[in-house]
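S.K.: The chain contents come next:
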Amino acid sequence: TQLLEQSPQFLSIQEGENLTVYCNSSSVFSSLQWYRQEPGEGPVLLVTVVTGGEVKKLKRLTFQFGDARKDSSLHITAAQPGDTGLYLCAGPGNDYKLSFGAGTTVTVRA
Amino acid sequence: KAGVTQTPRYLIKTRGQQVTLSCSPISGHRSVSWYQQTPGQGLQFLFEYFSETQRNKGNFPGRFSGRQFSNSRSEMNVSTLELGDSALYLCASSLLAGGPTLQETQYFGPGTRLLVL
Numbered sequence: 001t002q003l004l005e006q007s008p009q010f011l012s013i014q015e016g017e018n019l020t021v022y023c024n025s026s027s028v029f030s031s032l033q034w035y036r037q038e039p040g041e042g043p044v045l046l047v048t049v050v051t052g053g054e055v056k057k058l059k060r061l062t063f064q065f066g067d068a069r070k071d072s073s074l075h076i077t078a079a080q081p082g083d084t085g086l087y088l089c090a091g092p093g094n095d096y097k098l099s100f101g102a103g104t105t106v107t108v109r110a
Numbered sequence: 001k002a003g004v005t006q007t008p009r010y011l012i013k014t015r016g017q018q019v020t021l022s023c024s025p026i027s028g029h030r031s032v033s034w035y036q037q038t039p040g041q042g043l044q045f046l047f048e049y050f051s052e053t054q055r056n057k058g059n060f061p062g063r064f065s066g067r068q069f070s071n072s073r074s075e076m077n078v079s080t081l082e083l084g085d086s087a088l089y090l091c092a093s094s095l096l097a098g099g100p101t102l103q104e105t106q107y108f109g110p111g112t113r114l115l116v117l
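Chains as they are written, first to last, in our numbering: chain A, 1 to 110; chain B, 1 to 117.
Just so you know, these hints were derived from the structure itself, not from any lab.
Each computed DMTMM-like pair below joins lysine to aspartate or glutamate, with the alpha-carbon atoms no more than 20 Å apart: (1) K97/A - E52/B; (2) K56/A - D83/A; (3) K57/B - E75/B; (4) K97/A - E104/B; (5) K13/B - E82/B; (6) K59/A - E15/A; (7) K57/B - D95/A; (8) K56/A - D71/A; (9) K57/A - D71/A; (10) K56/A - E104/B; (11) K59/A - E38/A; (12) K57/B - E104/B.
Just so you know, these numbers come straight off a predicted model, no measurement behind them.
Next up, chain B with everything else stripped away, as it sits in the complex (with noise of 0.2 Å):
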């Protein structure tokens, strides 16, 4: 079975620019998490889609979102890039959607490496 893919891996943008990350799930897994994944800050969590709608959403500015279609297969776009926003960010698909107990695994993918200028 597939695992989880990204595309792209490396991305390089400019202050001001707009990007789009997609995400493929595992066949089968409706649930996508993104996450942004920095030095200073660690993984933090973005956002969680299931069944097409947002189910969850981390603190982070509107400039963020995502969107997830019928396939699964998920996207998230950041606005306005900023030089903090340069980041790995990674895709998660489980089962079913999280909840207050860690009943369903997480598999993430390679990541997106984004870097601002």
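Okay, chain A solo, but in the shape it has when bound (with noise of 0.2 Å):
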């Protein structure tokens, strides 16, 4: 099983600050991609990223793969309340099941 870890588990941030998670493995994926869950509703796909090094960009979201393609990071500029939500990394293993990381709790105050 390729195991993703996340971190930190918890972030709390001012409205208007930057923030960066953090998704980590000792396995190489061939891809990853990044959920945002809101309360009482499920994951909902931010982005896929293929290419070890790749830079992709949504709105105030940055998303990046390791050269390694064995971690990502998503950073978030001058964050609002509206990006609040449980942030979860998800890569697929040799066995074709998706592996969710624990998942970073991000509350942006207003």
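Starting from the two chains in their separate frames, assemble the complex, guided by the hints.
M.R.: Right, here's the structure in full:
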């Protein structure tokens, strides 16, 4: 089983501040995904990164896939209360099963 | 296009009972995956169905089972419920089955929150 470790577990910041969430593994992943889950809802896919070293931007969110494809980060610039949620990274194992990290709970205070 | 729907949204059962949860995928999607989400273990893969066949299974006991119908709707069943089965059960659908790379986007439903007393 390929494990994904996310850090930090919890993050509470003021509106307008920046934040970075990390997803690390000792295994190589062919690709990684980032999801955001809000209370009472299922996870919603934000991005899929495929190429080592790839950087993708989604408005104020920047996603990076490590060169060795073992880690990824999510950076949010000028966070807003609407960014509050549980951020999950996920990657496919050799057995095609999708593995999720434990998630980072982000709270942006107004 | 309607999203993934799950019924019921909330359920309370007692130990020893059995429960059936239902998932209706997005129209045209043929793959349905089920996940269990708990505060302690996070999101864990239960099983995936594609064209009525179980294609993959996670590390859960045989008490957890599922099936998919010809219209792609899926059900999962948990027999002899235990307190530890209390969780949010999520269903996700995609056009095609999962593979070694994430080529297919999964769309998650809102989940069924199961409480076992």
